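*Asks:* Here's the letter readout for the chains.
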Amino acid sequence: MMFLRQLKGELHKLFARKRTYIGYVVFLVFEALLLTLWVQVGRDQFEALAKRNFVPVELLSSSLTATYWIMGFSMFLLGSIYFALVSGDIVAKETEDGNMRMVLARPVSRLRILILKYCAVIIYTITFVIFVGVTGYSMSLLAMGSEGGLFIWNPDMYILAIYPDREEAFWRLFVGACFMGLSMCVVSSLGFFFSCLKIKPAAASVMALSVFFIDFVLQNIPFLVNYKDVFITYRMANWVYVLQENIPWDRIVESYSILMGLNVSLFILGWMAFQARDFKT
Amino acid sequence: MLSVKNLTKKFAGKDALKGISFEVSRGEIYGLLGHNGAGKSTTLGIILSMVAAGSGEVLIGGVSVQKNPRKALQKVGSIFESPAFYDYMSGWENLKVLVGLSGPFDEGKAREVVERVGLTKRIDSKVSAYSHGMRQRLALAQALLPEPEILLLDEPTDGLDPEGIKWFRDFVLGLREERGMTVLFNSHLLSEVEQMCDRVSIIRAGELVYEGAVNDLRDDRPTLKITATPSEVLTEVAVRFQGEQMSGDRWVFPEGTAIPELIRSLVEAGAEVEEVTPVRRSLEDVYLEHSSLSSS
Chain E
1 MMFLRQLKGE
11 LHKLFARKRT
21 YIGYVVFLVF
31 EALLLTLWVQ
41 VGRDQFEALA
51 KRNFVPVELL
61 SSSLTATYWI
71 MGFSMFLLGS
81 IYFALVSGDI
91 VAKETEDGNM
101 RMVLARPVSR
111 LRILILKYCA
121 VIIYTITFVI
131 FVGVTGYSMS
141 LLAMGSEGGL
151 FIWNPDMYIL
161 AIYPDREEAF
171 WRLFVGACFM
181 GLSMCVVSSL
191 GFFFSCLKIK
201 PAAASVMALS
211 VFFIDFVLQN
221 IPFLVNYKDV
231 FITYRMANWV
241 YVLQENIPWD
251 RIVESYSILM
261 GLNVSLFILG
271 WMAFQARDFK
281 T
Chain X
1 MLSVKNLTKK
11 FAGKDALKGI
21 SFEVSRGEIY
31 GLLGHNGAGK
41 STTLGIILSM
51 VAAGSGEVLI
61 GGVSVQKNPR
71 KALQKVGSIF
81 ESPAFYDYMS
91 GWENLKVLVG
101 LSGPFDEGKA
111 REVVERVGLT
121 KRIDSKVSAY
131 SHGMRQRLAL
141 AQALLPEPEI
151 LLLDEPTDGL
161 DPEGIKWFRD
171 FVLGLREERG
181 MTVLFNSHLL
191 SEVEQMCDRV
201 SIIRAGELVY
211 EGAVNDLRDD
221 RPTLKITATP
231 SEVLTEVAVR
241 FQGEQMSGDR
251 WVFPEGTAIP
261 ELIRSLVEAG
271 AEVEEVTPVR
281 RSLEDVYLEH
291 SSLSSS
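Protein sequence lines correspond, in order, to chains E and X.
Residues in the first sequence are numbered from 1 upward in steps of one, following our numbering.
Residues in the second sequence are numbered from 1 upward in steps of one, following our numbering.
Chain X on its own, in the form it takes in the complex:
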């Protein structure tokens, strides 16, 4: 559905993208992860033809964004982090103006979508009176009109309260479920990516440093938080069990490591063990590992 091929881009002589490539299949929710300034928004900008690529190509449904942007973008709906509407106009007027740029404005369809995003009561109010959450719902409505096949979401849940984030997540997952919508989700909120995406890419300094299924990215090796003194004894025993110190008092051990035996060994070696707690490694840990690995 979406094919990004070897994108490069320079801003003021500095490389912003260094050959990014990835593919998103129909009905897939694909996450783009990266620090601020990593190149996620530039990638999205090139996909939407707002930023000119230095080289490379983007195909949406087989149509080149670089060669035929109008046709390629007909299948796309997009939402940005802070959707900027015309504040002095109502939500409905905003929809009419924006959707009218894509083609005829179908009022019935628009009313349906507005109802679906839960804005029916406030759609005739001026956007200046909208909360951030309501703006994001309006952004979702305009992205879904007319019917897109792929949604590009650029950090859409930033600034939303937990309830809003959950609503947004459920809504997007529902779209995939009902319509088989393809979604490219650009975020630095790892928990969101973890809960929504099928596959994920990690971009660092304009380079793609990891691509794979979210489940593959998770590391199932046992991770323990160990507080024991003296630290030399802890290190000696942990290394004997082939442990790797991750950060501070966190240690990762090979799959199948016998934890009771590890604790017993620590005690027998004379360590005073205060705490041994299993820790579930989050996507964040893995993300940071990949980021730091690539930088080193």
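So that you can see chain E by itself, here it is in the shape it has in the complex:
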């Protein structure tokens, strides 16, 4: 009960800040832009591609397919920036501003403070991904109507899937969005870890993004294609396997176990660094 009350306080701190909402506003604009581009330019190309492959275009050029593209394109690149910014701030900003001394003067352990902050960041991350999914889908519905199924074509992950049944397509996409949320928690964990170190909040965010993008670049180097499994961003992209016709659960479980292990390791390392620090003016 006490933990939930304290978590509520932590979430209140996070969501009482105006800049927490900058990400939401930017994403709404970005989603609208992507959707416009999809309707104006992308749909024609997609329909041409579908026709060449004898795919029933009228069923698949739909709001669900548009939502898949919006989420896939926006989250990894733009989402990672916001998650790194928020998680990089979560401890380091309070330390820099002096709030942390007020918190530490209370009879509460440092571990509990970090657990509260980590939970807040994870809740922010997952709800943000769901927000992008819901708003992306709502905009797509408005622009394209509620007809049609889902067409997935992801050459990097070797996936080509067609779901003419809208209900199945919807649930596949929803579960995919949930796994994507779990994937993005890795970026937040990276930001959180760096935030626990004795560095400025901006430095924590930059460090987290650096690790993320270096991993992403390395993963895409052609001669490292046989080593993709060792890269975090490749494991994070495994959410898309939920959209494969025969879901490779063993692969998904393996990847998410690794990502979960990484999150836990980053939390423990952050806690150890935070625990060893002296807080003084």
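In case anyone wonders, no lab produced these hints; they're calculated from the structure.
None of these values were measured; they are calculated from a predicted model.
By construction, the Cβ of each residue, glycine as well, lies at the ideal position given by its N, Cα and C atoms.
Some hints here could point you the wrong way.
Claimed, not checked - With a cut-off of at most 20 angstroms between alpha-carbon atoms, the simulated EDC-like pairs for lysine to aspartate or glutamate come out as follows:
no.: 1; chain 1: X; residue 1: K109; chain 2: X; residue 2: D87
no.: 2; chain 1: X; residue 1: K126; chain 2: E; residue 2: D97
no.: 3; chain 1: E; residue 1: K280; chain 2: E; residue 2: E96
no.: 4; chain 1: X; residue 1: K67; chain 2: E; residue 2: D278
no.: 5; chain 1: E; residue 1: K280; chain 2: X; residue 2: D15
no.: 6; chain 1: X; residue 1: K18; chain 2: E; residue 2: D278
no.: 7; chain 1: X; residue 1: K109; chain 2: X; residue 2: E178
no.: 8; chain 1: E; residue 1: K8; chain 2: X; residue 2: E178
Stated by the list, open to error - Each pair of labels, with its calculated beta carbon distance range:
no.: 9; chain 1: E; residue 1: I199; chain 2: X; residue 2: H132; range: 27 to 37 angstroms
no.: 10; chain 1: E; residue 1: L33; chain 2: X; residue 2: P162; range: 37 to 47 angstroms
no.: 11; chain 1: E; residue 1: K280; chain 2: X; residue 2: N6; range: 11 to 21 angstroms
Unchecked claim - Selected chain E positions facing chain X (in silico; Cβ < 8 angstroms):
no.: 12; residue: H12
no.: 13; residue: K18
no.: 14; residue: P107
no.: 15; residue: F279
no.: 16; residue: K280
Guided by the hints, dock chain X onto chain E, whose structure is given.
*Replies:* Leaving out everything else, chain X in the frame of chain E:
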């Protein structure tokens, strides 16, 4: 109530504290005096478990801060020089978040404390709109929730206007009067320490160079400001009366020295006496003496 035992601490290999020990009894107001960087804030940091001690121990109400910080800090309320609140939240929201870390937030009790510190009208305003004095009142409110037995004040009146300083002083003295609150007061404002504290410690370069009652620290020996020429004659006569030159034209004489006789002797020795003024030696004089004595 508070027992600090042989604290040591090093920062980057340099000694910040070299075996500080002192005790504060229940209901006592105890002052920690020292220059900036002397080790006062480090001592307070160790008491609040924000800084790890190299060695030594702090007991609050018999509970070790090093072994059981959560339990020990349940009895403590603290205020810092520049209390950092969440500026984008209201005073009331700040109280809820901070006090909620200690346990359940009792709204009725909180309203009482807010009224007592005189923030009722502004408690729902954002803290970013607060003056320094209002922030300090809010800091006092959060320190008093839930009911602490000891208050740790780290240079709390810095930056306050004279009215604010007086209000703060009266408030803390009132807390001691009503609740028997124990207070550890860390400051370099000697006049504040002099007016508030029962006992005082002077810390210099990480060492405790003096500990005693504020009244004992005051020196009742007569101190005079003497302007007379030639200075050699002044020195000769003053030394004859067992005077010690403190700084510039200030001289301290043994208790019971007959001042009229001293002046007469100066005149008879051919000195032109322009001014002889009794000076009350402040705590500052004594503090500086102790500081310089320990450094020499």
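*Asks:* Taking the hints in turn, state whether each one holds.
*Replies:* Here is how each hint holds up against the structure:
1. X:K109 / X:D87: Distance ~23 angstroms between K109 of chain X and D87 of chain X Cα, so the pair is violated.
2. X:K126 / E:D97: Roughly 16 angstroms between the alpha carbons, so the hint for K126 of chain X and D97 of chain E holds.
3. E:K280 / E:E96: With Cα atoms ~11 angstroms apart, K280 of chain E and E96 of chain E stay inside 20 angstroms; holds.
4. X:K67 / E:D278: Roughly 17 angstroms between the alpha carbons, so the hint for K67 of chain X and D278 of chain E holds.
5. E:K280 / X:D15: holds (16 angstroms)
6. X:K18 / E:D278: This hinted pair holds, its Cα atoms lying about 18 angstroms apart.
7. X:K109 / X:E178: holds (17 angstroms)
8. E:K8 / X:E178: Cα-Cα ~35 angstroms, so violated.
9. E:I199 / X:H132: 27 to 37 angstroms: holds (29 angstroms)
10. E:L33 / X:P162: 37 to 47 angstroms: violated (58 angstroms)
11. E:K280 / X:N6: 11 to 21 angstroms: holds (20 angstroms)
12. H12: holds (7 angstroms)
13. K18: holds (7 angstroms)
14. P107: holds (4 angstroms)
15. F279: holds (4 angstroms)
16. K280: Hint on K280 of chain E: holds, closest Cβ of chain X at ~5 angstroms, below 8 angstroms.
Consistency with the previously given hints fails for numbers 1, 8 and 10, ordered from lowest to highest.
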